[in-house]
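Chain by chain, the residues run as shown.
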Amino acid sequence: MNQPTKSNRKLLTMLILGAVGMFGFGFALVPLYDVLCDTLGINGKTQSTASTYEAVIVDKNRTVTIEFVAQVQSGMPWEFAPTVNRIQVHPGELTHTKFHAKNLSANDTVGQAIPSVSPGQGAAYFNKTECFCFNQQPLAASATAELPLIFYVDPDLPESINTLTLSYTLYDITEKVGSGLKQGAAK
Amino acid sequence: MSTTTHDTAAVHDDHHHGAPKGIMRWLLTTNHKDIGSLYLWFSFIMFLTGGAMAMVIRAELFQPGLQLVEPNFFNQMTTVHGLIMVFGAVMPAFTGLANWLIPMMIGAPDMALPRMNNWSFWILPFAFTMLIGSLFMEGGGPNFGWTFYAPLSTTYSPDTTALFVFSVHIMGISSIMGAINVIVTIVNMRAPGMTWMKLPLFVWTWLITAFLLIAVMPVLAGAVTMVLTDKYFGTSFFDAAGGGDPVMFQHIFWFFGHPEVYIMILPSFGIISAIIPAFSRKKLFGYSSMVYATASIAILSFLVWAHHMFTTGMPVFAELFFMYCTMLIAVPTGVKVFNWVATMWRGSMTFETPMLFALAFIILFTIGGFSGLMLAITPADFQYHDTYFVVAHFHYVLVTGAVFSIMAAAYYWLPKWTGHMYSETLGKWHFWCSVISVNVLFFPMHFLGLAGMPRRIPDYAIQFADINQIVSIGGFAFGLSQLIFLAVVLKCIKGGEKAPDKPWEGAEGLEWTIASPAPYHSFTTPPEVK
Numbered sequence: 001m002n003q004p005t006k007s008n009r010k011l012l013t014m015l016i017l018g019a020v021g022m023f024g025f026g027f028a029l030v031p032l033y034d035v036l037c038d039t040l041g042i043n044g045k046t047q048s049t050a051s052t053y054e055a056v057i058v059d060k061n062r063t064v065t066i067e068f069v070a071q072v073q074s075g076m077p078w079e080f081a082p083t084v085n086r087i088q089v090h091p092g093e094l095t096h097t098k099f100h101a102k103n104l105s106a107n108d109t110v111g112q113a114i115p116s117v118s119p120g121q122g123a124a125y126f127n128k129t130e131c132f133c134f135n136q137q138p139l140a141a142s143a144t145a146e147l148p149l150i151f152y153v154d155p156d157l158p159e160s161i162n163t164l165t166l167s168y169t170l171y172d173i174t175e176k177v178g179s180g181l182k183q184g185a186a187k
Numbered sequence: 001m002s003t004t005t006h007d008t009a010a011v012h013d014d015h016h017h018g019a020p021k022g023i024m025r026w027l028l029t030t031n032h033k034d035i036g037s038l039y040l041w042f043s044f045i046m047f048l049t050g051g052a053m054a055m056v057i058r059a060e061l062f063q064p065g066l067q068l069v070e071p072n073f074f075n076q077m078t079t080v081h082g083l084i085m086v087f088g089a090v091m092p093a094f095t096g097l098a099n100w101l102i103p104m105m106i107g108a109p110d111m112a113l114p115r116m117n118n119w120s121f122w123i124l125p126f127a128f129t130m131l132i133g134s135l136f137m138e139g140g141g142p143n144f145g146w147t148f149y150a151p152l153s154t155t156y157s158p159d160t161t162a163l164f165v166f167s168v169h170i171m172g173i174s175s176i177m178g179a180i181n182v183i184v185t186i187v188n189m190r191a192p193g194m195t196w197m198k199l200p201l202f203v204w205t206w207l208i209t210a211f212l213l214i215a216v217m218p219v220l221a222g223a224v225t226m227v228l229t230d231k232y233f234g235t236s237f238f239d240a241a242g243g244g245d246p247v248m249f250q251h252i253f254w255f256f257g258h259p260e261v262y263i264m265i266l267p268s269f270g271i272i273s274a275i276i277p278a279f280s281r282k283k284l285f286g287y288s289s290m291v292y293a294t295a296s297i298a299i300l301s302f303l304v305w306a307h308h309m310f311t312t313g314m315p316v317f318a319e320l321f322f323m324y325c326t327m328l329i330a331v332p333t334g335v336k337v338f339n340w341v342a343t344m345w346r347g348s349m350t351f352e353t354p355m356l357f358a359l360a361f362i363i364l365f366t367i368g369g370f371s372g373l374m375l376a377i378t379p380a381d382f383q384y385h386d387t388y389f390v391v392a393h394f395h396y397v398l399v400t401g402a403v404f405s406i407m408a409a410a411y412y413w414l415p416k417w418t419g420h421m422y423s424e425t426l427g428k429w430h431f432w433c434s435v436i437s438v439n440v441l442f443f444p445m446h447f448l449g450l451a452g453m454p455r456r457i458p459d460y461a462i463q464f465a466d467i468n469q470i471v472s473i474g475g476f477a478f479g480l481s482q483l484i485f486l487a488v489v490l491k492c493i494k495g496g497e498k499a500p501d502k503p504w505e506g507a508e509g510l511e512w513t514i515a516s517p518a519p520y521h522s523f524t525t526p527p528e529v530k
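Sequences listed follow chains A and B, in order.
Residue numbers for the first sequence follow UniProt numbering, so the first one is 1 and each next one is one higher.
Residue numbers for the second sequence follow UniProt numbering, so the first one is 1 and each next one is one higher.
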């Protein structure tokens, strides 16, 4: 009777460890997912830090259409739109554009814009040297702001992609960061 | 020698198990047969509860427009119907069958870990009390679908979501404990001579299912935990504003979800592989290929999860990868179906109720498999996604698949469990009422889906009215038919023709070598398997 109890216990321990390990694996999927999306350049995620513009050769023979889309999380009292809806650029060319934001409410609010590029495979070739999406955007009640974006398209962009759509969704993160506006608030 | 062992076992019995009577017997039991019965009754009660919710859904959809329930309540019904049927009806029924049958099939006296067995059953009623109780609380129960996609389950969910999360935790712990018990029992407690390739297929399929459970139930627990912390503790796993990603929820959920659907069908394959040979009076065709096919289905099930997410904007190569992997599963499944057909070929078949359900399983499950292949085709899936075509597909594989196999198993082993033959006349009534109504219920849903009717919506466009009416009538008829099953089981427990040890001429396996009804303690001395 002793023998089976012992081997039962051993197998039981291994199986419980397996289950606990899989619970951990569930959480490990979170960073794994981000790493995979990053390295494979899928899911339309652009990099979250500024890239540098150095020694980029402009490809004058090719023109790519860039479209801008802006959305506001439902219920967030902001007006948010691109100043230009679409522009034609040459790959490698540094381009400036602006988005317009207005806080329609009587409260100070903090917004966070999340970018996404479509088609997803193009995201890795869309480089931003400056973007309002890198920072939180505090906006006092009824204030407006011009939000700058400077970017260039990598000349290695696959031939099959002629149009890139950059979409921003603006989220209200006031509750998460606390409603007190930082000193840099636009007036 | 064997009589002495038997006597000590009997003394031991009086000493430990004989004492508690009434409710305490059931609360404290560590006997695999008692726990098997508890699981099966619990599952049947949940089947009727989830079925009642389906009746609410079908009553609301009987006519276009909103007449009986609020849309939010309708959503709660679809959500809780799904959760109850998956975690409360189908999975506990299989665990109940495993408890009853695996020790008897491998010649073991009981499950390897009897106290854990008791615990894994008795936490289940608490989980479902919490889940169903949340329906009556302020704000209502879960209304985000059984798949609880973020942000529906995080940003927009009712306040009772925490109860949903904890109930899923408990269900998960229960099935993990059940799975561990099954594995330890099968690995350590086989009778001498019961080698791996002599195991009955029900035991094999359950062994593989148990490994799937241990691999994916913890991932589900992780997913609900993330929903919990996102909703109540300000984390941003699935919240884009905080750097998370709602699409990631779907990846994690379906990493659990797809193996889960095989958890709900592999034991069925084992049941059908026992019943078809018994009533064809032939050995199962291709035993070893059945084992390998089951194992390859289990492995492939980890590589296909994203076919639930074709419309989320995946890269084309990922869509192709998941499309081909999904279609590959048709190969081992086809092996099984052809093996069953080959088993029946030139057999001396008879058509008692278990065989009728098994035959219906093969035909109707295959229909569900074919619609699954259609859904696997990526470009076609864009059309079918989230329509009634999907609803028809998974009800064919889960109701006429999993549930029919459970019914077949119940009829097949009822004589062994109760010691009485069930009423064949009533059984046939149950079968024919079920098989006709279930097709009236689910087959027209294919057409609704192809015509574009979306799932999980309480109202629909006027052109879907006629078919929905037919579907609802089928639904009510199928629901009522299950009461015949209840009557059959109750009648069989109370009395009936005395069942011989082996009531089916062609049946094989150790469970038929012991008395009917199976004594409280069986195989206290391990049998010798040749």
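Among these hints, one or two may not hold up.
[To be verified] To give an idea of the interface, some chain A residues facing chain B are shown, with a C-beta separation under 8 Å as derived from the structure:
1. G26
2. V30
3. W78
No lab work stands behind these hints, which were simulated from the structure alone.
Only a predicted model underlies this, so the values are computations on that prediction, with no experimental measurement involved.
We put the CB at the ideal spot given by N, CA and C, even for glycine.
Evaluated hints:
A hinted interface residue such as G26/A counts as satisfied when its beta carbon comes closer than 8 Å to some beta carbon of chain B; here the least separation is about 3 Å, so the hint holds. A hinted interface residue such as V30/A counts as satisfied when its beta carbon comes closer than 8 Å to some beta carbon of chain B; here the least separation is about 6 Å, so the hint holds. Hint status for W78/A: violated, given a least beta-carbon distance of 13 Å to chain B, over 8 Å.
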